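Colleague: Going line by line, the protein sequences match chains W and Z.
Residue 346 in full-length UniProt numbering sits at position 346 of the first sequence, and the numbers go up by one each step.
Residue 279 in full-length UniProt numbering sits at position 279 of the second sequence, and the numbers go up by one each step.
What the hints contain is simulated information worked out from the structure, not anything from laboratory work.
Note that this is a predicted model, so its numbers are computed, not measured.
Worth double-checking, as some hints may not be accurate.
Cut-off 27 Å, straight-line C-alpha distance, at most; resulting in silico cross-link-like pairs (DSSO-like, lysine-lysine) [as the list claims (entries may be wrong)]:
{"hint": "1", "chain 1": "Z", "residue 1": "Lys258", "chain 2": "Z", "residue 2": "Lys109"}
{"hint": "2", "chain 1": "W", "residue 1": "Lys49", "chain 2": "Z", "residue 2": "Lys36"}
{"hint": "3", "chain 1": "W", "residue 1": "Lys267", "chain 2": "W", "residue 2": "Lys326"}
{"hint": "4", "chain 1": "Z", "residue 1": "Lys36", "chain 2": "W", "residue 2": "Lys18"}
{"hint": "5", "chain 1": "W", "residue 1": "Lys106", "chain 2": "W", "residue 2": "Lys137"}
{"hint": "6", "chain 1": "W", "residue 1": "Lys52", "chain 2": "Z", "residue 2": "Lys258"}
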Amino acid sequence: MSLLNDLINIDLSDTTEKIIAEYIWIGGSGLDLRSKARTLAGPVTDPQKLPKWNYDGSSTGQAPGDDSEVIIYPQAIFKDPFRRGENILVMCDAYTPAGEPIPTNKRFNASKIFSQPDVVAEEPWYGIEQEYTLLQKDVRWPLGWPVGGFPGPQGPYYCGVGADKALGRDIVDSHYKACLYAGINISGINGEVMPGQWEFQVGPAVGISAGDELWVARYVLERITEIAGVILSLDPKPIQGDWNGAGAHTNYSTKSMRENGGIDVIKKAIENLGLRHKQHIAAYGEGNERRLTGHHETADINTFSWGVANRGASIRVGRDTEKAGKGYFEDRRPASNMDPYIVTSMIAETTILWKP
Amino acid sequence: MDITPYTDKIIAEYIWIGGSGIDLRSKSRTISKPVKHPSELPKWNYDGSSTGQAPGEDSEVIIYPQAIFKDPFRGGNNILVICDAYTPAGEPIPTNKRHRAAEIFSNPKVVAEVPWYGIEQEYTLLQTNVKWPLGWPVGGYPGPQGPYYCGAGADKSFGRDISDAHYKACLYAGINISGTNGEVMPGQWEFQVGPSVGIEAGDHIWCARYILERITEQAGVVLSLDPKPIEGDWNGAGCHTNYSTKTMREDGGFEVIKKAILNLSLRHKEHISAYGEGNERRLTGKHETASIDTFSWGVANRGCSIRVGRDTEKQGKGYLEDRRPASNMDPYIVTSLLAESTLLWEPTLEAEALAAQKLALKV
Numbered sequence: 001m002s003l004l005n006d007l008i009n010i011d012l013s014d015t016t017e018k019i020i021a022e023y024i025w026i027g028g029s030g031l032d033l034r035s036k037a038r039t040l041a042g043p044v045t046d047p048q049k050l051p052k053w054n055y056d057g058s059s060t061g062q063a064p065g066d067d068s069e070v071i072i073y074p075q076a077i078f079k080d081p082f083r084r085g086e087n088i089l090v091m092c093d094a095y096t097p098a099g100e101p102i103p104t105n106k107r108f109n110a111s112k113i114f115s116q117p118d119v120v121a122e123e124p125w126y127g128i129e130q131e132y133t134l135l136q137k138d139v140r141w142p143l144g145w146p147v148g149g150f151p152g153p154q155g156p157y158y159c160g161v162g163a164d165k166a167l168g169r170d171i172v173d174s175h176y177k178a179c180l181y182a183g184i185n186i187s188g189i190n191g192e193v194m195p196g197q198w199e200f201q202v203g204p205a206v207g208i209s210a211g212d213e214l215w216v217a218r219y220v221l222e223r224i225t226e227i228a229g230v231i232l233s234l235d236p237k238p239i240q241g242d243w244n245g246a247g248a249h250t251n252y253s254t255k256s257m258r259e260n261g262g263i264d265v266i267k268k269a270i271e272n273l274g275l276r277h278k279q280h281i282a283a284y285g286e287g288n289e290r291r292l293t294g295h296h297e298t299a300d301i302n303t304f305s306w307g308v309a310n311r312g313a314s315i316r317v318g319r320d321t322e323k324a325g326k327g328y329f330e331d332r333r334p335a336s337n338m339d340p341y342i343v344t345s346m347i348a349e350t351t352i353l354w355k356p
Numbered sequence: 001m002d003i004t005p006y007t008d009k010i011i012a013e014y015i016w017i018g019g020s021g022i023d024l025r026s027k028s029r030t031i032s033k034p035v036k037h038p039s040e041l042p043k044w045n046y047d048g049s050s051t052g053q054a055p056g057e058d059s060e061v062i063i064y065p066q067a068i069f070k071d072p073f074r075g076g077n078n079i080l081v082i083c084d085a086y087t088p089a090g091e092p093i094p095t096n097k098r099h100r101a102a103e104i105f106s107n108p109k110v111v112a113e114v115p116w117y118g119i120e121q122e123y124t125l126l127q128t129n130v131k132w133p134l135g136w137p138v139g140g141y142p143g144p145q146g147p148y149y150c151g152a153g154a155d156k157s158f159g160r161d162i163s164d165a166h167y168k169a170c171l172y173a174g175i176n177i178s179g180t181n182g183e184v185m186p187g188q189w190e191f192q193v194g195p196s197v198g199i200e201a202g203d204h205i206w207c208a209r210y211i212l213e214r215i216t217e218q219a220g221v222v223l224s225l226d227p228k229p230i231e232g233d234w235n236g237a238g239c240h241t242n243y244s245t246k247t248m249r250e251d252g253g254f255e256v257i258k259k260a261i262l263n264l265s266l267r268h269k270e271h272i273s274a275y276g277e278g279n280e281r282r283l284t285g286k287h288e289t290a291s292i293d294t295f296s297w298g299v300a301n302r303g304c305s306i307r308v309g310r311d312t313e314k315q316g317k318g319y320l321e322d323r324r325p326a327s328n329m330d331p332y333i334v335t336s337l338l339a340e341s342t343l344l345w346e347p348t349l350e351a352e353a354l355a356a357q358k359l360a361l362k363v
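Isolated chain W (complex conformation) (with noise of 0.2 Å):
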């Protein structure tokens, strides 16, 4: 298979100045990937400078078939570490062709909520914890479990290494330094504590680019899966029982909290939280009520709490963070599946703009 592997990695470079731009958007469930790749007459990194394009949206449930015509709208490029040299990745988002946003875009909104001058005042810094799962193709069974069985209980996976521990580490692996050629600001990864269950990090990113930044290390992850053959899982209770979910921590803080002082406007920030509960809830991924039970490092869904260094609560405040009376806190109510758009801008929405 070298000659695939040859041509694949060409240096186009050396032959012309045309870029391939591998434009990615979101699906009709929400959740799906989609791109499509289309060439450029040069290379390009200002997003507005990239023309708009559209996609069939009748063939993703987005669109009629005798209307079928989405446009999507460059918004974040990064460097493509699949074609590698002045190919890149494009994050999009999709408006009908009169321009307005199709009732999937929630980039729109968010984007609205992040140009708010309160909100850009308080510079939103997130840092979100992406759990996901790793399950063998065909049998749709996590990687490394017995077909037709279980492995030995959690325990010895969480960070762990050794083949009978780490299951799908080049995976993980591969996806961090893809990530961070691209330009992502992913800044680590760890085993997670269901064996196949991995998570990688994205952030301090602000604003609307927590958002961007991590659909596209979604994308780049399933692409890597993809190649190995391996299926990607965003499900936040992917085995019932005894078995951790996968969640999408999202770590936050506003200007205020980073300064002296700011421990109070954390603990005001909370507040609001509690009082929105289910407001957010509703928005923090489908299929929530399976994994928030109170159980496995989760707080009950109908529960909002709060603690220190408390991985049961709705809310964690690290300890450094109560010492130093200024930090961010923890939102560990978001399932692997959320929207990052959604969840970045409502949380700056209830903490910033709302009043109760």
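For chain W, the structure is supplied; the task is to place chain Z on it using the hints.
Modeller: Only chain Z this time, still in chain W's reference frame:
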């Protein structure tokens, strides 16, 4: 191996179309030094009795070099050469569709209109031996269509490295490839070539098909250009051809587009019979096609014979998309027929008026 430090000689792979009209053939020869233009290359010949194009006792078919591309497999100064086929007396053989297309594209009326083509080549990848689509369980079917169009993931995208290798190989070769995407049916892909002017469109598509067949050969996968590889609720494979002329691209072009559509509606049968074998299995009226017997057009409508994009409608100028051609169409035939029907052919006034009424086209 890069042989340029050791010799000026280059290798030229001569490519031609065989007796079925869709099978590609090639063989290579050494040329004394790099060439820039096809006219610098010698004519050659091949054994037509082995490709169904000549009888055994008079088997030589002559190939004339028509277009040069860089060879992505051999690198260096080596080249791929697209040729068309003639009898020793200099007559194009029956399967040579390029010759007539070149005549049409040399017609002054056509030259003046600078016809542009953007061709969307769909194709299906099959597992060798079982000839069942790549990624499909042998003896069964994958989950229904929905997740595969432009999808990513091991359960949604089958054969991406073929598509990606092909993209770069074509750019390297100098083919005007403008994009790729995963298609609605799993194991099906598409690449687009264009915009190309006139006869170039055909040359570029045939060379792109050749490169694709060489790549799948290496990958151990079979390339199918069948327009309906799997019966049932599975999309077929087409070769939608986007088309515009100078006047269509200028202000007021939308009226010219409508006139062109009107002409095409009056020659529907002629076009359909030239748009690929087996197309009746694909053009059913379902799966984003229009029925083979009906001619229709619409803005943003993927269920029509001809689709006009919203952009074109909005700006009052642009191009049209003929969605009828099958994946196994001959681009020399389709591109030149489009030019002929819209630039050289004129219907009678009564026929035109009747058709305008039928299609609700005010021209």
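Colleague: If a hint holds in the structure, say so; if it doesn't, say that too.
Modeller: Checked hints:
At roughly 19 Å between alpha-carbon atoms, Lys258 of chain Z and Lys109 of chain Z fall within 27 Å of each other, so this suggested pair holds. For the hint pairing Lys49 of chain W with Lys36 of chain Z, the CA-to-CA distance comes to about 35 Å; that exceeds 27 Å, so the pair is violated. At roughly 11 Å between alpha-carbon atoms, Lys267 of chain W and Lys326 of chain W fall within 27 Å of each other, so this suggested pair holds. Distance hint between Lys36 of chain Z and Lys18 of chain W is fulfilled; the C-alpha atoms sit about 21 Å from each other, no more than 27 Å.
Restraint check: the Cα-Cα separation between Lys106 of chain W and Lys137 of chain W comes to about 30 Å, which exceeds 27 Å; the hinted pair is violated. This hinted pair checks out: Lys52 of chain W and Lys258 of chain Z have alpha carbons roughly 26 Å apart, not beyond 27 Å.
Hints 2 and 5 from the list above are not met by this structure, while the remaining hints are.
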